[in-house]
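Please model the entire structure based on the sequences and the hints provided.
Line order of the protein sequences matches chains A and B. Every position in the first sequence, counted from 1, becomes a number in the working numbering once 11 is added. Every position in the second sequence, counted from 1, becomes a number in the working numbering once 1 is added.
Bear in mind the hints are in silico, worked out from the structure with no lab data behind them. Bear in mind the structure is a predicted one, so any value in this text is a computation, not a measurement. A few of these clues could be false.
Partner residues aside, some chain B positions facing chain A, computed with beta carbon under 8 Å [said to hold, decoys possible]:
| no. | residue |
| --- | --- |
| 1 | Asp45 |
| 2 | Ser228 |
| 3 | Lys229 |
| 4 | Ser248 |
Cβ atoms here follow ideal geometry from the backbone N, Cα and C, with glycine treated the same way.
Each chain, letter by letter, is given below.
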Amino acid sequence: MKRISKLLAILLALLMVMGSLAACGKKDTPEEGSKEPTATNAPTSKDTTTGDTAKEEKVDEIYYLNFKPEIAAVYDKIAADYEAETGVKVKVVTAASGTYEQTLKSEIAKSDPPTIFQINGPVGYESWKNYCADLSKTQLYSYLSDKSLAVASGDGVYGIPYVVEGYGIIYNNAIMNQYFALADKATSYKSMDEINNFAALKAVVEDMTAHKDALGIKGVFASTSLGAGDQWRWQTHLANLPLYYEFKDNAAYDNTVLAGLAANEIEFKYAENYKNIFDLYINNSATAKGLLGSKTVNDSMAEFALGQVAMVQNGNWAWSQINEVAGNVVAADDIKFMPIYTGVAGEEKQGLCVGTENYFAINSQASEAKQKASVAFLEWLFSSEKGKAYVTNDLGFIAPFTTFEEDEKPSDPLAREVLAWMEKDGVASVAWTFAAFPSEEFKNYFGDALLEYAQGGKTWDEVVAVVKDSWKSEKAK
Amino acid sequence: MKRHTKRYFPIFVLPTLVAFTIAFIIPFVLGIVLSFTEFTTVIDAKWVGIKNYRAAFGNKEFLNALWFTVRFSIVSVATINVFAFLLALLLTKKIKGTNLFRTVFFMPNLIGGIVLGYIWQLIINGVLYHYEVTLTFSPTYGFWGLVILMNWQMIGYMMVIYIAGIQNIPKDVMEAAMIDGARPLQILKSVTIPLVMPSFTICLFLTMSNSFKLFDQNLALTAGAPSKKTTMMALDIYNTFYGSVGSEGIGQAKAVLFFIIVALVAFIQLRITRDKEVEN
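This is the structure:
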């Protein structure tokens, strides 16, 4: 008797467990399926199709995981418009600054994964290739003005860039003109056009620091933000320059990114050049060196917008940030770009750093119909009148698509400056070689070392060693 | 009657058991399994054996984090419990406004770790500002910053537990001691402390496991700066897991090791303090 009741209880228990699992329904199915791949490796085609095949035709929602927090609000508007027009709901989730990989990693494992996500180039593709659908047959790809920009592998195309961006040193021309007009300045330069190498930049900046009270600024450069999560301007963007030159010297490749991807070790030959500009930044900054660890990019942009500093290193995406700061005193016409000069021979011909690390990828593990709907949304965004208006006016993208006419280029001052620098005769843009950096960790090691260097805890030689070692060890992973 | 309830025992236990299985046992087992695999997302894993564990032990940062965590735990467990016990002694005396004080001391515990971390970062940086440095200047600053933060947060909570323990001491024992001519210090040493031993057990356990598992405060206060020298174990695991693609398995292996260490330490601590407890 006792035995039977025990058995009954266990049976009942099992029944209830099954019942509760069934009640959770679809949500649990991917997790159920998960146990098999754990043992047998590689996702089976089974779990990509199950559940969704039934409603092949009608897709009511696609999911876009957005990379750019600064324009998250615009995407919400776009999504609302698109839903009104086509009935397809676009769920937009924005990853917080610097956490895209984390967010993507956890979101994509859910039962309702992002259908559109973003990879940062060939390195990103390597880690997400199981999830990137081939886009070579899509219209979106055919719109690309330069097909070589896309992330391709074999015959397939897996990432399509949707914005070209440029960065350099943003300066406030009003303050510069004020400086050039000073009676007791120590340099003979009369306009920014004459400043086309590091020596000139250094002379002007140091003299400006000497006259900072007369100019009404706290420092020439905005704070070198070295807070955790705010180091990307230095460990990624600035680091691009020395490594671009290093890989350019590698005659075996005609593309610096490919040379970088092939390099298991780096020499960091142009470390001195990096030090030149970095020292210039931190020695002529609005903030004392020891305090840089608490500064964020927002702080720097606010300092620039409030006219407390004359220069800040950032890209054209910073316009919205500058524009939004309350009490902004910088006129749009005064915001200009100049290339980052580091003292490399022949840098008079160097332009801004232009490239992209924003590539759309479509989740190949989503259902066929959802993939199609996602591509349709992107095609709408970059080819319909309404979509294009959003792209140029609100998102402010310099979109690399042929669907955009000459008069549909963005109107914000920094984007226009980027275009002007790209078209300037005799000036070559610097490619975004950091797409070849081995991992986020590498950048973090670099950034941490820079922080310690700025605070006086590390010598420059130690920083160089950290950069070389971490490249090697991260590459070996 | 007894037989009756016994018979229905499985059914009564079932809802909890199901919840426990779904929310704890399954993820736990899955976690251990994943630590032996290479994966990007949890639904797509490849078996690699103990490679992850070897990588975890060969990882200098993990050992650093372990050492930092151990040092931090020793210091913070000691300081928190000493201060909490002293406050509890003070607030069980007949002082005006003890209730108010108890509430005030308890309040920091109600604030979330992330918020506390940022608040203390502002406070400490505000002080260090005068010396033109920040918390990130040296790992020592970060270490003591964390200790102060933890003390501020945990003392009130532990104090409440100690107060409850002290109030439970029977009056007659105290009186007997006093009549026997025991001096206050002797009473403390031979009567109060042995009798609140159960509180010590629980407080030591709570502070110890909290110190070992500290994450939000660490993330918000220093985020490991400078150069990961103030990274504690939980944060290190998080960084490994999310920092570079392909090392999720290593992060998972570290997490399993972390679990074993915490469980071991907690177990030893419980054994030791349990032995010292006396029956009232």
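Hints and how they fare:
no.: 1; hint: Asp45; in the structure: holds (5 Å)
no.: 2; hint: Ser228; in the structure: holds (4 Å)
no.: 3; hint: Lys229; in the structure: holds (7 Å)
no.: 4; hint: Ser248; in the structure: holds (6 Å)
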